[in-house]
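From first to last, the protein sequence lines stand for chains Y and Z. Under full-length UniProt numbering, the first sequence has 83 at position 83, and the numbering climbs by one with no breaks. Under full-length UniProt numbering, the second sequence has 186 at position 186, and the numbering climbs by one with no breaks.
Among the hints, erroneous ones may be present.
Think about it this way: if two alpha-carbon atoms lie no more than 20 Å apart in a straight line, the pair counts; the simulated SDA-like pairs of lysine to any residue are [to be verified]:
id: 1; chain 1: Y; residue 1: K94; chain 2: Z; residue 2: E147
id: 2; chain 1: Z; residue 1: K49; chain 2: Y; residue 2: K94
id: 3; chain 1: Z; residue 1: K49; chain 2: Y; residue 2: S51
To be clear about the criterion: a stretch of chain Y counts as covered by chain Z if any three or more of its residues have a C-beta under 8 Å from a C-beta of chain Z, and this derived list gives those stretches [what the hints assert, rightly or not]:
id: 4; region: 18-24
id: 5; region: 67-79
Hints listed in this document are in silico derivations from the structure and should not be mistaken for laboratory results. The beta-carbon is built from N, C-alpha and C at its ideal position, and this holds for glycine as well.
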Amino acid sequence: MAGEEQENNNNKGFRLLGILDVQNTPCARDAVLHGAGGSLGAGLLHFLTTSRVKRSFDVGFAGFLLTTLGSWFYCRMNNAKVRVQQRRIQDGIKNKIMYEGSAHDPANKPGAAPPPLGPS
Amino acid sequence: MALPSQLGFQDAGSPLMEELLHFHDHALMVVFLISTMVLYIIVAMVTAKLTDKLVLDSQEIEIIWTVLPAIILILIALPSLRILYLMDEINDPHLTIKALGHQWYWSYEYTDYEDLGFDSYMIPTHDLTPGQFRLLEADHRMVIPTESPARVLISAEDVLHSWAVPALGIKADAVPGRLNQTTFIVNRPGVFYGQCSEICGANHSFMPIVVEAIPLEHFENWTSLMSEET
Numbered sequence: 001m002a003g004e005e006q007e008n009n010n011n012k013g014f015r016l017l018g019i020l021d022v023q024n025t026p027c028a029r030d031a032v033l034h035g036a037g038g039s040l041g042a043g044l045l046h047f048l049t050t051s052r053v054k055r056s057f058d059v060g061f062a063g064f065l066l067t068t069l070g071s072w073f074y075c076r077m078n079n080a081k082v083r084v085q086q087r088r089i090q091d092g093i094k095n096k097i098m099y100e101g102s103a104h105d106p107a108n109k110p111g112a113a114p115p116p117l118g119p120s
Numbered sequence: 001m002a003l004p005s006q007l008g009f010q011d012a013g014s015p016l017m018e019e020l021l022h023f024h025d026h027a028l029m030v031v032f033l034i035s036t037m038v039l040y041i042i043v044a045m046v047t048a049k050l051t052d053k054l055v056l057d058s059q060e061i062e063i064i065w066t067v068l069p070a071i072i073l074i075l076i077a078l079p080s081l082r083i084l085y086l087m088d089e090i091n092d093p094h095l096t097i098k099a100l101g102h103q104w105y106w107s108y109e110y111t112d113y114e115d116l117g118f119d120s121y122m123i124p125t126h127d128l129t130p131g132q133f134r135l136l137e138a139d140h141r142m143v144i145p146t147e148s149p150a151r152v153l154i155s156a157e158d159v160l161h162s163w164a165v166p167a168l169g170i171k172a173d174a175v176p177g178r179l180n181q182t183t184f185i186v187n188r189p190g191v192f193y194g195q196c197s198e199i200c201g202a203n204h205s206f207m208p209i210v211v212e213a214i215p216l217e218h219f220e221n222w223t224s225l226m227s228e229e230t
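Here chain Y stands alone, though its shape is the one from the complex (with noise of 0.2 Å):
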């Protein structure tokens, strides 16, 4: 019972607007923390150029909004890469273990390096 209240609690993401759940979906968190700093940076950046309050609010926002995709996309695409590779080594190592021995095993393959030396 506790097990699966304590699985509640971490299933209660927190959404922003009531649409993204940072906690749960993986790079949401990030991206908007990334996407905040972006903001805040090129705002006051603008408004220390220009003094213009109202331009450096527009262009804080666009620079959420750039930062934020930017971010969300570069580590969902890494996300993606590990993923892959992830599938490629569970397949790999699932191979090995049903072609070990046999004519299918790629260590018996021309070019394969040899085997280690076991005990005589």
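Place chain Z on chain Y using the hints.
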């Protein structure tokens, strides 16, 4: 299974459902950013000076709000089309099962194994043991091996039904006189629940689908046991 008051998807049990979850996250991020932008524009318009209402046209903003939605749509459409075609791939299934909808239960036939078939009725609430889920448990589960592509041929014997397992990203209509095919791979051992998804009469809500994924060696033992019983 879905938890009470759960809004999001269940944890994925198949690679296809994982891809659907990732696409859903991507689409929600786009929706969140658009909503934020709309909120910001509303606040900006409410706080704008009254003299600004005399601005009649602006070529720059017209170009932006024509091009930007097109780019957003492309950003959503490309991964969506990828998944759409991924769902239609047939990947040489190792096992074929027939799922037939009846009023009001499912029957499963494993024709790869001789004479292996059984009915799957919902366990009534008063017969549940502690720890079982109300309206979701069935007396006989559809058992499949993990990490093996499986094909399910879905049909119905009487009226329309629909065979759905959300955790595996599967839903296919069971139409009398027609065979609909779906293929999937289950990544991990576990029990996955679904419910009939096409209105089919009085007990439409009481004909659940339970898929149990077990390692292959245990699956072979299970088929031997079930064949002896039937």
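**Q.** Non-conforming hints, listed in increasing numerical order
**A.** Of the numbered hints, just 2 does not hold.
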